[in-house]
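Now that you have both chains on their own, put them together as the hints suggest.
Take a look at the letters that make up each chain.
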Amino acid sequence: QQPVQSPQAVILREGEDAVINCSSSKALYSVHWYRQKHGEAPVFLMILLKGGEQKGHDKISASFNEKKQQSSLYLTASQLSYSGTYFCGTAIQGAQKLVFGQGTRLTINP
Amino acid sequence: DSGVTQTPKHLITATGQRVTLRCSPRSGDLSVYWYQQSLDQGLQFLIQYYNGEERAKGNILERFSAQQFPDLHSELNLSSLELGDSALYFCASSINRGPNEKLFFGSGTQLSVL
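Chains as they are written, first to last, in the working numbering: chain A, 1 to 110; chain B, 1001 to 1114.
Extracted from the complex, chain B is given alone in its bound form (with noise of 0.2 Å):
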């Protein structure tokens, strides 16, 4: 058990909806990143977190938003879903800000849009 929890673990949804996804972080961890994983793809970094402020972003979609709160908590709301949304959503939390630290992986949130 890494310490970060995701949830839901599953989550079976229509294209054109919208969802969200929630993250608490290991105690004491001030970063927050979320990663895409799409069937046999590698991790697609979307963006990262540090103490409530934006700290980096990747190729993260217009139609996708996050933000973390002051209980450092994240949420990924991803809206206008397609079928192309289908993926497994990691979180991974770290103490620092700083790339040189190590992530640890939440177990995922499997979106399935249909």
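Isolated chain A (complex conformation) (with noise of 0.2 Å):
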């Protein structure tokens, strides 16, 4: 039930572009995105609905594909305060409980 991401891990330099995908083997009926700071706790940055959603604020945006049961988050000119771990955390439908994947880790160089 867990969903997977992937990469687990990326390495950038300052101003590229990244995809965090996350995928499930179950119906979602919703996904979440938090990024996480060393030894800080996970701040929250988006959910999306099913129904094919696509959000964004700044320069980090996502996209949920309802068919496919995947969530893409996507960093566009990428900063170094967006280095941390990312997570996608999915509701299947018919049950309560957001599970958050395994993580990705990015790492923003100058």
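I should point out that these hints are in silico values taken from the structure, not numbers from a laboratory. Hints are supplied without guarantee of correctness; some may be wrong.
Stated by the list, open to error - Pairwise CB distance ranges, derived in the manner of DEER restraints:
1. Lys67(A) x Gly1003(B): 32 to 40 Å
2. Glu14(A) x Thr1007(B): 33 to 41 Å
3. Asn1100(B) x Ser61(A): 12 to 20 Å
4. Gly1003(B) x Gln96(A): 20 to 28 Å
5. Gln93(A) x Glu1062(B): 22 to 30 Å
6. Ser1027(B) x Gln96(A): 18 to 26 Å
Said to hold, decoys possible - The calculated lysine-lysine pairs, modelled on BS3-like cross-linking and capped at a C-alpha distance of 30 Å, are:
7. Lys1057(B) x Lys26(A)
8. Lys67(A) x Lys1009(B)
9. Lys59(A) x Lys1102(B)
Ideal Cβ placement from N, Cα and C applies to all residues, glycine included.
Below is the structure:
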């Protein structure tokens, strides 16, 4: 039931783009994205609901393909502040719990 | 500051012991979630409460139990502790019971079992 994230780790230079994928074997009701910096609590980025939604703010956006049970997080023109571990959380239809993937560690170098 | 308060921040104890972790949700939030994060691991869902009632359960060990009190704070009890229970335990809260609202995470309790 745990979603699968890929890649596990990414190293970029400042200004480059990144895509983080999240997939589930179950029909999804919603997908959450959170970022966790080292030693800190996860912080909410966005929620996408079923229906093929796409959201974004600033240079971080995400899409949700309900048919494929996949979501992707897009980070464009990455900044040093984007470094951290990104988690997707998924809620399957009929269930209350939010289950997180293993995380993708993103490192942005100057 | 997310508004979610967890105490204590650090806890060091020995194998076989029992500890209690406490969480106060954001003002107005009715749901409390507990997650376990081991070193370099993801967030493992343990349990969720909504307005005092258990709503969803994850892979929570039988040695672990939780409850949410009338004032909405929650406690996670860990007993017969093992070395493998060492982890960062996060509490999160949200307004309602559904999984379609953003979670606000506390800063966590770092548990070290020696």
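Against the structure, the hints come out as follows:
no.: 1; hint: Lys67(A) x Gly1003(B): 32 to 40 Å; verdict: holds (37 Å)
no.: 2; hint: Glu14(A) x Thr1007(B): 33 to 41 Å; verdict: holds (38 Å)
no.: 3; hint: Asn1100(B) x Ser61(A): 12 to 20 Å; verdict: holds (19 Å)
no.: 4; hint: Gly1003(B) x Gln96(A): 20 to 28 Å; verdict: holds (22 Å)
no.: 5; hint: Gln93(A) x Glu1062(B): 22 to 30 Å; verdict: holds (28 Å)
no.: 6; hint: Ser1027(B) x Gln96(A): 18 to 26 Å; verdict: holds (22 Å)
no.: 7; hint: Lys1057(B) x Lys26(A); verdict: holds (18 Å)
no.: 8; hint: Lys67(A) x Lys1009(B); verdict: violated (42 Å)
no.: 9; hint: Lys59(A) x Lys1102(B); verdict: holds (20 Å)
Hint check: a violation occurs at hint 8 only; the rest are consistent with the structure.
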